[in-house]
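**Student:** Could you put together the complete structure from these sequences and hints?
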Amino acid sequence: MNDLDQLKELLFGAEKEALDSISRRVERREVRAADVADILPEAIHQSHAKDDELVEALTLPVGECVQRAIQEDPETYGNALYPVIGPAIRKSIMHTLRNFSQQINEAVEHSISPTGLKWRWQASRAGVPFGEYVLQKTMQYRIEQAYLISRENGLLVGHVHHEASKIKDSDAVSAMFTAIQDFVKESFSPDRTGRLESADMGEFTLWAVHGPHALLVCVIRGVPPKGLRADLSAILERIHFRYGDAIREYKGDTSSVPDVDVELERCLRYEARRETSGDRKKSRIPIITLLLLLAVAVFLGYRSWSHAQQLDRLDAALAKTPGIHVTDIDRDGDEFVVRGLRDPLAIPVAEIAESVDIPAARVNAAMQPFQSLQPEIIEARAARLFGRPQSVSFKVSAASLHVSGDAPWIWRQQLRSRFGLLAGVSELDMSSLTTSDRLSFEARAKQLTGARFHFENGTIFSPGSEDRLVKHAESLAALLADAATVGYSVAVLLQGSADLTGDPALNAVLVRQRAEAAAAVLRLHGVEPVDILQAPAGDSQSRPQSDMDRRYVQVDLQLSSLTDP
Amino acid sequence: MTSITSKVCIVGDFAVGKTSVAERFVNNHFSESYLTTVGVKIDTKEIEVPELGISHKLVIWDIAGSERFGHTEFAYLRGASGYIYVVDGTRASTLRSAMNLQDQINDKLGGAASVVLVNKKDLASDWEVSESNVEALQSRFSQVFTTSAKTGDEVERAFEKLARQILENDMRAD
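Line by line, the protein sequences give chains A and B.
Heads up: the first sequence is residues 1 to 565, going by the working numbering.
Heads up: the second sequence is residues 1001 to 1174, going by the working numbering.
Since the hints were made in silico from the structure, they are not lab data.
Glycine included, each C-beta is placed from N, C-alpha and C at the ideal position.
Just to be clear, a hint being listed does not mean it is correct.
[To be verified] Here are the simulated lysine-lysine pairs, BS3-like style, with alpha carbons at most 30 Å apart: (1) B:Lys1041 with A:Lys185; (2) A:Lys91 with A:Lys168; (3) A:Lys185 with B:Lys1150; (4) A:Lys168 with B:Lys1150; (5) B:Lys1045 with A:Lys251; (6) A:Lys168 with B:Lys1121.
[As the list claims (entries may be wrong)] Stretch by stretch, here's where chain B covers chain A in the computed footprint (C-beta under 8 Å, at least three residues): (7) 26-35; (8) 46-52.
[Said to hold, decoys possible] The following residues of chain B were derived to be distant from chain A, with all beta-carbon distances above 10 Å: (9) Glu1032; (10) Asp1043; (11) Leu1052; (12) Thr1090; (13) Ala1092; (14) Ser1093; (15) Glu1128; (16) Glu1168; (17) Asp1170.
**Tutor:** Structure, rendered in structure tokens:
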């Protein structure tokens, strides 16, 4: 060490040591890091308090750090964010749905009204979606209650409400809101600076506006617009301006804040534009009237159309009804007036109306009687005039009345004789009409003719023969009784016969006596023979016969038709 | 009649009968079942003071039982005009809790009207609080009441006494 060095040592020894120490600290990395670590938090605090430079400097690198960390370990970040994301999403969805449903309601309500059309035009000019524009224009809400609460002790300074609102113990509500506020602040705001500013409860929203000494809590029905909060803040500021000291010192004595409720009443003025009493009602009146008129017009139009339809149906039904000729049909209010001609045999007008669903009471028919020559009416008239056996039918065509079926012969005769009474037809065709009673009579007569009744010698009837003759006489009597009803007259002829033994002259007498004996039996039963004949001689020779067979009386019938068949 | 509202807080250790005392005073009702209070329960009751022409409404904050208060409880206590300290006569340890709470309140919020209720007088066979204990309480609290929320004994009088103290304090301050 030379003299100069010794001199330096003497003069700057202490400083040199300090410089060496500083040099060593600067050169050693771990020492530098420890030094920076010591002062870093404080440096950050100071820098952050001074200005935003630190934030700006850190924004980019911190953002990249977070991004990289999430990319490398997404699960950890997912777990960390899980408790936050769920409620946030739910709240966002609920808020969106609430607004959306209200927008839809408003949009639907206003889309077809004159106001709606006007707003639609204005919305398109402003470039705003219609739903959003409607929401801005209507904003359905109303401040139902307003509480002014001391921030110091939670005591209620003032409370106003709409008459219709249901009010609980307002002091308890005030205290409880303060307690909840304190609880939320203590639980969820680490630095205790957070404030509960709004809460949703069903259709109500609670808004809290905070002042230095008091809290203004408004219970709002519906969705309040954002701008309302500024208005409420202005009210609270005004209250503070007027009652600031009194509220700060408030100990529950309401006389220390006179007329504070008058100031609070201003909150209740805020309500939805659509609910501002008279305007809405006034604007509704013409719409309601218009709707009523429209409804009446629609009703009358429908009724008129319905009546016209009924009139057409009635007219058509009357036109196709035989025996009715309508000269005039019209409507008189709810009633249908029909004038014209009606055959008494035609269906009544009221019945025709009911067949086309028009109540008979609504039809006033002024019909004059006449005789219709329409085929259906002629047929009906024929049935009424002549009566009609069950199986007989009438058909009118080409001025002829065609009668078909089966009828008693006597009815047929009556029809023929009375046909001239029936108007509208000139010919009677009965070619298809049978008279089965006449045919039946002819068959019975045929069965009864040619019956023989034998005798012993002389005029004594053979055994059983007289009994048969008695029965035969009864049948003949019945036949004769029916003859007139089927247009026949019946002649009963007796023809006697004798055997070949004995004197022919005597036999001839005998034949006569036998015929007389038979005639006597017949007369007893009301049958009068018209002639008694002797059998021709040739007859007895025609085939071999015993004597007994030749001794008989034969009863024959001769039918004569009283009229043409 | 002038209307005055005051905030009153009921404090004390767990299960000393704070809610029962409040229920007896407000609704004149007692329930044998025990339901622990979470956070705070609030009731109100109006007391007429005819001689002063005052209708005095007490907003009663029944605060969850605790040996010591945290931030949340202090938030509840803020601005109270009076305190009701409740002690369980069958558990001498609850006296100490009441005293601790009083110390905390006095330190943090300052003095206010207060009464102490040594509750559960009806459970005489299990009684633990001695005369000396009561004397200790009397040295710290101006008014000590031995009450029973079950029978209603002394409860109303204790509240009325506190209400009167609050009014006197307020008038003194004015």
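**Student:** Confirm or reject each hint.
**Tutor:** Outcome of the hint check:
no. : hint                    : verdict
1   : B:Lys1041 with A:Lys185 : holds (18 Å)
2   : A:Lys91 with A:Lys168   : holds (28 Å)
3   : A:Lys185 with B:Lys1150 : violated (36 Å)
4   : A:Lys168 with B:Lys1150 : holds (28 Å)
5   : B:Lys1045 with A:Lys251 : holds (16 Å)
6   : A:Lys168 with B:Lys1121 : violated (34 Å)
7   : 26-35                   : violated (count 0)
8   : 46-52                   : violated (count 0)
9   : Glu1032                 : holds (25 Å)
10  : Asp1043                 : violated (7 Å)
11  : Leu1052                 : holds (12 Å)
12  : Thr1090                 : holds (30 Å)
13  : Ala1092                 : holds (31 Å)
14  : Ser1093                 : holds (27 Å)
15  : Glu1128                 : holds (33 Å)
16  : Glu1168                 : holds (13 Å)
17  : Asp1170                 : violated (6 Å)
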